[in-house]
Amino acid sequence: MAEILVLAGAEESPLRDLAAYRAAGGYLQLERARAMSPQEVTQELIESNLRGRGGAFFPMGRKASFIPSPDKIAKPIYLTVNADESEPGTFKDREIMLRVPHRLLEGCLIAAHAIQSKHVYIYIRGEYLAEYEVVEAALEQARAAGLLADVEIVIHRGAGAYICGEETGLLESLEGKRGQPRSKPPFPAISGLYASPTLINNVETITTVPKVLEVGPAEYAELGAPPDSTGTRVFCLSGNVKRPGAYELPHGITVRHLIEDVGGGVTEGRTLKAVMMGGSSFPVMTPGDLDTKLDANSLGSKGYFIGSGVISVIDDQTCIVQFALRVAQFYMHESCGKCTPCRVGTRWLVQLLRAVEAGTASEQDLELLLDVCDRIIGKCLCVLGDSAAMPVASCVTKFRDEFRAHLEEGGCPFGHDSTLDGLFAPVDQQPQPGLNQVAVVGRAR
Amino acid sequence: MTELHDEIQQVKTLYPEGARSAVLPALRLAQERYGWLSREAFEEVADALELTPAYCMSVASFYDMFHLEPVGKHMVEVCTNVCCGLVNAQAVFEAFQRELGIGPGETTPDGEVTLRAVECLGGCSTPTLVAIDHRYRQSVTPEDVPAIVEELRGG
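Residue numbers (my numbering), protein chains in the order written: chain A, 1 to 445; chain B, 446 to 600.
Among the clues, some could well be false.
Mimicking BS3-like on lysine-lysine, the simulated pairs with C-alpha atoms at most 27 Å apart in a straight line are [stated by the list, open to error]:
hint	chain 1	residue 1	chain 2	residue 2
1	A	LYS177	B	LYS457
2	A	LYS184	A	LYS398
3	A	LYS118	A	LYS177
4	B	LYS457	A	LYS75
5	A	LYS75	A	LYS242
6	A	LYS302	A	LYS398
7	A	LYS118	B	LYS518
Hints are computed from structural coordinates only; laboratory data are not their basis. Note that the coordinates shown come from a computational prediction; the quantities given were computed from them, not determined experimentally.
With the hints as constraints, model all of the structure from the sequences given.
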């Protein structure tokens with residue numbers, strides 16, 4: 001029997017009301033945490049091995065332990081919650097905010113106590129209007145009930161920029177600047193928001209905190225796929241699958257179990273060609289690896305990432321070149337422009353993939369594609385460039401025959417029958433320097 | 446002093462003294478008021494924040510949700526990222542183009558509706574996701590489009 005933690009109490013309908021949340025045991029862990037010393041709370045988080053659910057999978061307790069104690073530094077300490085969910089395929093934080101807003105706030109207050117912070121900013125993506133309203137309403141209730149004590153929580157809305165989900169891009173944006181990532185070090189724990197010590201955690205991570213305390217760190221550390229991938233995860237299942245949705249399940253279930261048993265299998269009449277695994281920023285998974293367990297080590301041993309818990313099914317009717325092109329277009333649109341390999345490289349990827357799709361590229365261009373990927377990966381301040389290069393390189397490498405077929409047939413072997421045919425990309429909505437032609441995926445001939 | 450000026454002063458109190466953090470919320474307030482960010486709107490925001498209009502513009506131009514040119518009274522935003530695309534977002538987007546008689550990023554001649562394709566809106570389990578004036582509509586099909594457009598035209 002799988003245990004529901006993060007979304008507990010909200011399986012059927014949202015748990016938004018303060019009284020209902022408290023009746024279900026809500027805010028009891030905050031009370032317990034406040035009776036403990038900050039160090040004791042941090043120690044519980046370390047013992048649980050709760051890791052970041054935003055994509056980096058960094059141990060939360062350890063990150064919290066990097067924050068200097070207030071008596072050693074003459075600056076305020078900040079807690080910043082990353083609710084700028086925008087990795088393609090990811091919708092778990094949205095579900096969490098809509099369904100258990102008070103658990104998120106309870107997590108904020110416990111984490112704030114652990115690092116002795118009085119200032120919490122929740123940075124929520126600008127497009128999430130309903131989610132903002134739900135969390136804001138919960139915050140009003142919690143404030144009126146005196147639960148915040150001497151802590152202030154401010155919800156700060158973004159304005160549409162994927163890169164602000166990167167922690168230092170988020171801090172820049174929160175400081176009222178263009179959201180361009182900073183170079184690290186210094187790390188946010190030492191010099192973050194307003195050059196002060198700052199702990200940044202994803203919504204799901206923070207919302208898990210009250211449950212870690214409730215279950216007990218030792219017990220939590222046994223859940224899921226210990227020792228590294230403890231606890232549960234709100235997996236985001238989408239694409240060509242019968243029952244897409246946000247499913248909270250323990251780490252360590254297989255990709256196949258999630259798609260076939262939980263999701264009801266691939267859409268009728270189709271078969272599985274690939275899986276967008278972890279998010280669009282990572283290598284695509286091929287059918288032979290479906291029995292891989294959804295935990296960091298099992299995935300990592302095969303070159304995959306758990307990312308933000310995305311499993312998006314790509315069916316056999318999908319042209320993989322169109323997929324790679326659409327992914328590259330996303331990163332071209334979202335590149336902040338600060339580092340040349342990313343700014344220029346993402347444009348190169350789009351141009352080359354467009355030529356492959358049109359059937360006008362050469363075999364050499366496939367090598368060039370991989371070469372461009374190689375010249376982006378690891379050569380930028382943040383991972384956005386890598387996020388464009390990794391999926392593209394994986395498509396070229398794993399589906400080389402399909403790429404070649406485009407060259408041999410002088411166009412897309414799917415004709416106009418690919419699932420992604422004709423998909424428009426926002427990057428083509430406004431003129432881009434160096435890319436004047438209007439591109440419509442699959443219609444470039 | 447204008448009402449916008451007062452609202453911006455209110456927002457500034459949420460952030461430490463001297464921080465520029467109120468820029469995004471202030472630009473949003475201005476856009477909600479005027480529909481888009483004109484030169485005059487930037488001057489008003491800049492004045493309230495004691496920053497330059499150029500600085501405010503440089504920030505605004507980074508973010509997708511700020512409009513630097515006039516837009517329609519209503520905003521239709523269709524997710525065309527891969528997860529919605531795998532379940533035929535393109536047909537929904539094309540239906541909106543047909544029904545409104547405009548292309549991507551364009552506004553109807555009467556200034557009523559702007560149509561945009563946008564990147565992943567985080568509604569991947571209920572494709573196609575369409576935001577109508579920033580309110581999410583889930584599982585939109587091409588067949589739903591005429592009624593949505595009718596609703597916008599009527600409202």
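*Honestly, which of those hints from before does the structure not fit?*
2, 5, 7
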